[in-house]
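Asker: Using the sequences provided together with the hints, build the complete structure.
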Amino acid sequence: MTETTSSGRATAEVWITGIGLATSLGEGLDAHWDALNQRRINVDEQGFAPYVVHPLAPVNFDIQIPKKGDQRQMEAWQRIGTYAAGLALESAGIKGNKEILARMDMIVAAGGGERDLAVDSNILNSEAKGNSAPGFLNERLMNDLRPTLFLAQLSNLLAGNIAIVHGVTGSSRTFMGEEAAGVDAARIALARIAAGQSDIALIGGSQNGERKDLLVLYEFGNFNLTGKFTPVWARGEKSGFALGSGGAFLVIESRAHAEARGAKPYARLTNVVADMTRRKQPGEIAATLERLWSKVGKLGNDCAIITGATGAEPATSEERTFLSKHPDFAVRASGTTFGHTMETQFPLGLALAALSIERGALFPPNDPAGVEVEMSKPPTQIVVIGTGHWRGEGMALVEAIK
Amino acid sequence: MTATRDKFGRPIVVVTGMGVVTSLGSGKADNWKKLTAGESGIRTITRFPTDGLKTTMAGTVDFIPVEPFSSTDLSERLGELVAEEAIAQAGIGTKGDFPGPLFLAVAPVEVEWPQRQELGRAIGASSEVDYDAMLRVSGGGRFAQYHRRFLFGSVADHLAEKFGTKGSPISLSTACASGASAIQLGVEAIRRGEADATLCVATDGSVNPEALVRFSLLSALSTHNDPPQAAVRPFSKNRDGFVMAEGAGALVLESYEAATARGAQILGILAGCGELADSFHRTRSSPDGKPIIGCVRNALSDAGIVSDQIDYINAHGTGTPENDKMEYLGISTVFGERATQIPVSSNKSMVGHTLSAAGAVEAVFSLLTLEHQRIPPTINYDIPDPAIPFDVVPNKARDARVTAVMSNSFGFGGQNASLVLTREPL
Numbered sequence: 005m006t007e008t009t010s011s012g013r014a015t016a017e018v019w020i021t022g023i024g025l026a027t028s029l030g031e032g033l034d035a036h037w038d039a040l041n042q043r044r045i046n047v048d049e050q051g052f053a054p055y056v057v058h059p060l061a062p063v064n065f066d067i068q069i070p071k072k073g074d075q076r077q078m079e080a081w082q083r084i085g086t087y088a089a090g091l092a093l094e095s096a097g098i099k100g101n102k103e104i105l106a107r108m109d110m111i112v113a114a115g116g117g118e119r120d121l122a123v124d125s126n127i128l129n130s131e132a133k134g135n136s137a138p139g140f141l142n143e144r145l146m147n148d149l150r151p152t153l154f155l156a157q158l159s160n161l162l163a164g165n166i167a168i169v170h171g172v173t174g175s176s177r178t179f180m181g182e183e184a185a186g187v188d189a190a191r192i193a194l195a196r197i198a199a200g201q202s203d204i205a206l207i208g209g210s211q212n213g214e215r216k217d218l219l220v221l222y223e224f225g226n227f228n229l230t231g232k233f234t235p236v237w238a239r240g241e242k243s244g245f246a247l248g249s250g251g252a253f254l255v256i257e258s259r260a261h262a263e264a265r266g267a268k269p270y271a272r273l274t275n276v277v278a279d280m281t282r283r284k285q286p287g288e289i290a291a292t293l294e295r296l297w298s299k300v301g302k303l304g305n306d307c308a309i310i311t312g313a314t315g316a317e318p319a320t321s322e323e324r325t326f327l328s329k330h331p332d333f334a335v336r337a338s339g340t341t342f343g344h345t346m347e348t349q350f351p352l353g354l355a356l357a358a359l360s361i362e363r364g365a366l367f368p369p370n371d372p373a374g375v376e377v378e379m380s381k382p383p384t385q386i387v388v389i390g391t392g393h394w395r396g397e398g399m400a401l402v403e404a405i406k
Numbered sequence: 176m177t178a179t180r181d182k183f184g185r186p187i188v189v190v191t192g193m194g195v196v197t198s199l200g201s202g203k204a205d206n207w208k209k210l211t212a213g214e215s216g217i218r219t220i221t222r223f224p225t226d227g228l229k230t231t232m233a234g235t236v237d238f239i240p241v242e243p244f245s246s247t248d249l250s251e252r253l254g255e256l257v258a259e260e261a262i263a264q265a266g267i268g269t270k271g272d273f274p275g276p277l278f279l280a281v282a283p284v285e286v287e288w289p290q291r292q293e294l295g296r297a298i299g300a301s302s303e304v305d306y307d308a309m310l311r312v313s314g315g316g317r318f319a320q321y322h323r324r325f326l327f328g329s330v331a332d333h334l335a336e337k338f339g340t341k342g343s344p345i346s347l348s349t350a351c352a353s354g355a356s357a358i359q360l361g362v363e364a365i366r367r368g369e370a371d372a373t374l375c376v377a378t379d380g381s382v383n384p385e386a387l388v389r390f391s392l393l394s395a396l397s398t399h400n401d402p403p404q405a406a407v408r409p410f411s412k413n414r415d416g417f418v419m420a421e422g423a424g425a426l427v428l429e430s431y432e433a434a435t436a437r438g439a440q441i442l443g444i445l446a447g448c449g450e451l452a453d454s455f456h457r458t459r460s461s462p463d464g465k466p467i468i469g470c471v472r473n474a475l476s477d478a479g480i481v482s483d484q485i486d487y488i489n490a491h492g493t494g495t496p497e498n499d500k501m502e503y504l505g506i507s508t509v510f511g512e513r514a515t516q517i518p519v520s521s522n523k524s525m526v527g528h529t530l531s532a533a534g535a536v537e538a539v540f541s542l543l544t545l546e547h548q549r550i551p552p553t554i555n556y557d558i559p560d561p562a563i564p565f566d567v568v569p570n571k572a573r574d575a576r577v578t579a580v581m582s583n584s585f586g587f588g589g590q591n592a593s594l595v596l597t598r599e600p601l
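Just so you know, the sequences run in chain order A and B. Taken in order, the first sequence gives residues 5 to 406; the numbers are from the working numbering. Taken in order, the second sequence gives residues 176 to 601; the numbers are from the working numbering.
Since the hints were made in silico from the structure, they are not lab data. One thing to keep in mind: the hints can contain errors.
[To be verified] Mimicking DSS-like on lysine-lysine, the simulated pairs with C-alpha atoms at most 30 Å apart in a straight line are:
1. Lys-71/A to Lys-500/B
2. Lys-72/A to Lys-465/B
3. Lys-270/B to Lys-102/A
4. Lys-299/A to Lys-381/A
5. Lys-284/A to Lys-337/B
6. Lys-270/B to Lys-284/A
7. Lys-465/B to Lys-71/A
8. Lys-99/A to Lys-284/A
9. Lys-270/B to Lys-208/B
10. Lys-500/B to Lys-102/A
11. Lys-337/B to Lys-299/A
12. Lys-302/A to Lys-406/A
13. Lys-99/A to Lys-229/B
14. Lys-229/B to Lys-133/A
15. Lys-216/A to Lys-133/A
16. Lys-302/A to Lys-329/A
17. Lys-500/B to Lys-465/B
18. Lys-270/B to Lys-299/A
19. Lys-232/A to Lys-268/A
Answerer: Written as structure tokens, this is what we have:
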């Protein structure tokens, strides 16, 4: 397949001017930076045993979602995302700026479908006890489902809640499709701004990883990490991912728009490229990553890599093969620290890249396997990689603004 | 030489292929014949027991076999059929090698009750069924096919492989505006010069018990179960909700330049797209109608035309008390006095609300309206709502001169999208 590239006839330079993070490490940029530098990992091996998850750090949702009524209308994944989106708008200095928010575009990468576990379990139990009259399921669903649960399940209602709570209304688009949705949200938003179809956009996603219904979906494919937590590169034969809870949002805008409002950039979002190889033959993923690497941009000596490598196989081994061909680049796997946040992993990678560039340092390695090495000089470029656990390959180039 | 760029200097985007499936039938010919005959595709549900449900009818697509059945499998099959029809008409690329990206509007994918019940049976009657027990039986590869099936990206993954579309396929949801959004993404990619052709597909096969219950609990569905054909009553005083329906629509979009260079027949122009989100409420429109008004104005200005140039509106027209009232407020604000003169009809009166697919299904019908110069009616229009004085093209199709159509889509979560389609380049 040929890559889809955002460059086209692109001309406008695009800056990252806002970052919002609420994850298992905490909320806000300072808390994340400190935790990353302390190599802190928040992991829960007990609560969902044998499955390992990275739980959301305590967050006071009231700060970004002041109305309790709004919070009640959301399930956890929407609350996390709406919270992180608010942080991003605040970081960009446009929280409450009605003029800008009313024309701000939004592309959210979302899953959805959070279930009422008790309702499902009760129905299945009754059926196991022989209650299988026609209409039994209908009756239980009619009586037991909360009327507003549907709205908390709908994928596009994270964007809907961000519009309601924060007033982002220029447009509202929701991309689905696991990891690739996060890549494509960034790719399309960048392409639109670069081509002059948009001035400013909010992009990102969120996941509640502390969900047994979600674990079931990935357990079907034997993708869940079980037993004892290990870093992504050290999983070896015990492959898989630990689901992570978290939200990551970014404000990106044209340089002209940022300068006109006096916004301070974290970094430049130079390019996003993506593809979806069929993965029928060994080596296809590595070859696709190599091709994307050749398209992502001209890379210098002060370039690092932040990857969302999941720990799932064969994708992570193939990515490691690809990385081994580029030994001069310091690598960090966000999955070790944050777990796998699925749709959110690529926006999370963009956020960590922009933050590292702004702070003038790559956070330290957290990897006994030796894939990650120290980087002493400040990174001026960071390539963000998103290789889906099952499908989808993407890459972005985030650069310092000189 | 004809200009290949619009008045804003962007590549003109044309339609060279279309495909459609609804409860009325499969393919453009069958659908158009029944649509202009004022036939309804709404029927009493036979797919599953309806005991205990307030709404027992829907616009199901039961004439296309899918085995094993799930809503996602049906969505995928319908998506395949319409993409095949559209690509065949466009005569573009070679089999399994479509020369551009895929934009797919699809209902959010989720594990469904039959699979959950299968897990329940795997656990057995001897132990308590809960999610811990379900997790215990889920692994080991025995249900691996359900991981593949119920990933959100699975339908796009399959269509991308089957039709050989290029790059990373995008699955999107803007609720009941999804079909229009898929087309908008395709238009934008061509305007950016990223692609000469795009495949825009929208599909929905969601009529299952839980989906029906969900909408029912939000009091969104009609309960006029008998006769089912009379259930959807857009713009009528006695309208009482929408009717869920299944279907799919597909468009092959190309730049005018690429289409004419390969001698393709041009079926219409995708002249403009507009969108605007509503921050008022999760399921209701802002009472002042401003987001709808802004969306319609955005579509007109994107097409570079004024409202006077539109001569037919393909309404969202769901038949819910709220939607139809708000749609009138929006249209009458933008169109002024012409709002009562311009024909405004609802395809949903016949095919029902195809949800994620509606925007694309109705774009296909809008293009057929331009092609045949004939406007499909709004059926079941017996008791006009005096608060909505649209010319709804009541009950009978009408021949008319139609050069530019506006097609509107509005959805839960404050989603609004409008398309402007024309016969000739503007």
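Asker: Which of the listed hints are broken here?
Answerer: 3, 8, 13 and 19
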